[in-house]
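Engineer: These are the residues of each chain, in order.
Protein chains: 2
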Amino acid sequence: MPTDISPLAPKSYAELPPVTGVRIETAAAGIKYKDRTDVMLMVFDKPAAVAGVFTTSKCPSAPVDFCRSNLTGGRARALVVNSGNANAFTGQKGRAATELTAKSAAAAVGCSQDEVFLASTGVIGEPLDAGKFATVLDQMAASASGDRWLDAARAIMTTDTYPKVATRTAQIDGVTVTLNGMAKGAGMIAPDMATMLSFIVTDAAIDPSALQAMLSRHVGSTFNAVTVDSDTSTSDTLLVFATGAAGEHGAGTIHSASDPQARSFSKALADLMEDLAIQIVRDGEGARKQVEITVTGAASAKAAGRIARSIANSPLVKTAVAGEDANWGRIVMAVGKAGEKAERDKLAIWFGDVRVAVDGERDPDYSEAAASEVMKQEEIAIRVDLGIGRGKARVFTCDLTKAYVEINGDYRS
Amino acid sequence: MPTDISPLAPKSYAELPPVTGVRIETAAAGIKYKDRTDVMLMVFDKPAAVAGVFTTSKCPSAPVDFCRSNLTGGRARALVVNSGNANAFTGQKGRAATELTAKSAAAAVGCSQDEVFLASTGVIGEPLDAGKFATVLDQMAASASGDRWLDAARAIMTTDTYPKVATRTAQIDGVTVTLNGMAKGAGMIAPDMATMLSFIVTDAAIDPSALQAMLSRHVGSTFNAVTVDSDTSTSDTLLVFATGAAGEHGAGTIHSASDPQARSFSKALADLMEDLAIQIVRDGEGARKQVEITVTGAASAKAAGRIARSIANSPLVKTAVAGEDANWGRIVMAVGKAGEKAERDKLAIWFGDVRVAVDGERDPDYSEAAASEVMKQEEIAIRVDLGIGRGKARVFTCDLTKAYVEINGDYRS
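Line order of the protein sequences matches chains A and B. Residues in the first sequence are numbered from 21 upward in steps of one, following our numbering. Residues in the second sequence are numbered from 21 upward in steps of one, following our numbering.
Worth double-checking, as some hints may not be accurate.
The list makes no distinction among identical chains, and a pair is therefore deemed to hold if it is satisfied within one copy or across any two copies.
[What the hints assert, rightly or not] Mimicking DSS-like on lysine-lysine, the simulated pairs with C-alpha atoms at most 27 Å apart in a straight line are: (1) LYS366 <-> LYS78; (2) LYS361 <-> LYS322; (3) LYS422 <-> LYS396; (4) LYS412 <-> LYS361; (5) LYS78 <-> LYS322; (6) LYS123 <-> LYS66; (7) LYS113 <-> LYS78; (8) LYS152 <-> LYS52; (9) LYS396 <-> LYS52; (10) LYS366 <-> LYS113; (11) LYS52 <-> LYS113.
Just so you know, these hints were derived from the structure itself, not from any lab.
The whole structure should be built from the sequences, with the hints applied where relevant.
Structural biologist: Next up, the structure:
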């Protein structure tokens with residue numbers, strides 16, 4: 021497996037300040053990898069409000085089932101995440117593994133099992149030996165501290181080539197609150213799901229229902245707007261925790277997403293989610309280029325979204341981007357196959373600022389040299405205007421390179 | 021662009037006998053390629069019955085629009101096909117090019133323009149210089165003969181590495197009739213369309229409506245059951261011509277697809293279509309392995325089809341096959357993302373005869389060695405049983421290799 025860091029990796033990682041109310045620890049439990057951490061524990065010393073979104077897969081992993089069930093309580097005391105094994109399609113053994121992990125975590129943290137949240141990422145179908153957690157969680161809970169964000173982001177990586185972290189601040193009642201987030205992605209990334217794994221923590225005081233409403237509002241334009249390879253994981257999990265510690269400094273509790281006091285927080289949350297989502301695309305398996313696809317003038321926003329995804333998921337479009345080829349014929353193809361209303365003779369297509377096609381044919385002023393120059397960039401914007409309505413959508417993806425095939429041809433073995 | 025012949029190419033090509041009533045010629049018109057033929061003409065000296073299916077793309081090519089219009093007449097005197105340029109997304113220039121080609125062909129053959137059928141394959145968006153045909157069609161019509169099937173199949177190739185031909189016979193009123201077919205494929209191949217380009221000719225006497233009924237009945241289980249890369253072309257065209265010449269030997273005219281005398285022909289047609297469709301998959305861009313995916317026990321046939329296509333189009337499944345990795349976790353993923361009803365704990369999965377998963381988890385008797393042996397073969401059968409109904413479907417695909425990325429990273433330039 022290639023271990024080179026993606027050329028699209030950030031030049032430096034964001035420095036995440038501590039968020040009062042959460043402590044973090046990582047450990048090497050030896051699930052699959054050697055010489056690296058593979059388990060991460062977050063401890064909330066007081067119950068945190070929690071909200072989440074999960075994969076739409078009809079074959080979800082055992083931890084996804086477990087989280088969905090516990091989410092109804094709206095309160096979290098611990099989060100346990102492991103890499104190397106997804107605990108998916110593991111039948112009764114999978115349920116037993118989630119129960120054992122929850123039991124061990126609850127004992128280590130001193131909480132009830134329905135305040136524990138779990139996520140696993142890695143190989144599907146192999147039984148997960150949760151006994152390996154049981155031996156490390158006690159020590160982890162004791163030594164967890166507030167400054168381990170980057171370590172945590174590293175511990176949850178699989179084929180990711182760099183850890184993904186981001187931080188924002190917002191104002192509530194004039195008090196500054198912090199939002200820290202991490203994510204892991206790389207492969208099996210597609211829209212219509214939450215994301216791979218992403219965990220966001222804030223010290224704001226927010227009711228679970230308000231937190232869920234804000235999370236659900238923003239997921240469509242952020243995590244659900246990225247695709248690496250059109251494949252949707254069994255394990256996608258996005259959880260947001262609000263410790264409420266900022267309440268002690270005068271930040272009032274947000275009871276509703278439509279509360280004017282929630283505006284700054286909601287905006288910061290959306291911004292943080294977009295930051296993490298784009299980091300996932302930039303570390304797509306084998307990615308060398310980041311691609312932003314904007315569709316305008318569609319019959320509806322939904323139609324625009326389907327057309328944008330059809331373009332973003334087309335292997336022919338993605339290989340053309342990899343080859344730095346301004347092959348707009350493949351964009352036409354992808355628009356045509358999306359199944360949404362399109363009128364060939366009203367289509368216009370841009371690469372960057374270069375309009376390559378208009379009124380259903382090549383732009384008479386089209387410059388191959390100018391389009392080629394756009395394709396050489398690291399970040400490429402493709403825009404399609406359907407010319408028939410007001411529907412808009414934006415999707416982020418990456419190119420499809422030989423390295424993707426290489427990484428995925430021998431991942432399991 | 022790699023020019024090696026696919027390792028899945030047939031050891032030898034079928035020898036196609038002449039079909040009375042059709043003559044064929046090829047020529048090098050210099051559309052795009054150097055030193056090869058790129059235009060093919062079929063002449064029907066008496067009007068042949070014709071039936072067709074076309075791409076479902078919302079942005080079809082100019083020749084597809086042209087054929088759809090002429091198909092209402094049900095009679096053909098000429099077919100002109102070129103490679104190197106798809107005449108798609110070429111606006112008013114595209115319509116002018118089809119009109120000029122039809123006019124030239126009609127003059128060369130001595131027929132009306134609405135008895136001419138056209139197909140173009142190659143780059144999208146470049147204007148097609150139909151003037152190049154005008155100068156060669158007269159001579160082609162004069163020299164066309166009955167034995168040029170393999171030449172014709174070569175002239176319509178783009179990134180195909182070998183020509184695709186097949187032949188069958190059938191009985192009508194005790195008289196043997198012949199069906200000859202050719203196809204080209206390689207990339208932009210996905211279900212829910214006709215196919216790339218395929219042309220079938222028979223000497224049977226069949227009314228256009230009966231011919232269309234039989235064609236439409238068989239396309240679902242043959243051409244629409246193959247996928248190389250999930251991308252649907254703007255130009256997919258499948259035409260069947262019946263010259264009726266066998267009528268002179270006593271084969272009665274088939275007026276209805278449900279006529280008992282049509283049974284042998286219909287079966288031979290289905291068989292021929294499957295043969296050509298599988299040849300397309302075996303020459304998928306970069307293909308090294310042929311994959312047959314069978315889904316059983318689904319809630320309905322439609323659900324089974326969607327699940328089978330979700331597996332067949334998954335980049336992660338296809339790269340695993342390329343890597344000879346029995347990665348059944350990715351099959352579970354693809355079942356889960358298909359959006360159709362599935363019960364994780366009733367799923368069973370086979371690679372060849374090796375059952376790798378049952379009752380929602382790894383088969384207790386699973387042998388990694390036996391599964392690996394299956395993956396080393398050139399033809400791989402994957403079967404999924406959903407265990408919840410009686411819906412069945414079968415889809416053919418190929419693996420996703422680095423050569424696919426290589427071929428498509430610089431196809432246009």
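Engineer: Now tell me, hint by hint, if it's right for this structure.
Structural biologist: Status of each hint after checking the structure:
In this homomeric assembly, LYS366 and LYS78 come within 27 Å of each other (Cα to Cα) only across copies, at 12 Å, whereas the closest approach inside a single copy is 38 Å. In this assembly of identical chains, the alpha carbons of LYS361 and LYS322 lie at most 27 Å apart whether taken from the same copy (11 Å) or from different copies (23 Å). In this homomeric assembly, LYS422 and LYS396 come within 27 Å of each other (Cα to Cα) both inside a single copy, at 18 Å, and across copies, at 21 Å. Taking identical chains as interchangeable, the C-alpha atoms of LYS412 and LYS361 lie at most 27 Å apart only when both belong to the same chain, with a minimum of 14 Å there against 31 Å between chains.
Proximity of LYS78 to LYS322 under the C-alpha cut-off of 27 Å is found in both arrangements, the shortest distances being 22 Å within a copy and 17 Å between copies. In this assembly of identical chains, LYS123 and LYS66 lie within 27 Å of each other by CA distance solely inside one copy; the values are 18 Å within and 82 Å between copies. Taking CA atoms no more than 27 Å apart as the test, LYS113 paired with LYS78 passes inside one copy only; the shortest distance there is 19 Å, against 48 Å between copies. Proximity of LYS152 to LYS52 under the C-alpha cut-off of 27 Å is restricted to the intra-copy arrangement: shortest distance 11 Å within a copy versus 63 Å between copies.
Proximity of LYS396 to LYS52 under the C-alpha cut-off of 27 Å is restricted to the inter-copy arrangement: shortest distance 25 Å between copies versus 38 Å within a copy. Proximity of LYS366 and LYS113 under a CA criterion of 27 Å is satisfied inter-copy only: 15 Å between copies versus 56 Å inside one chain copy. Taking the closest pair of Cα atoms, LYS52 and LYS113 come within 27 Å of each other only inside a single copy of the chain (17 Å); across copies the shortest separation is 60 Å, beyond that limit.
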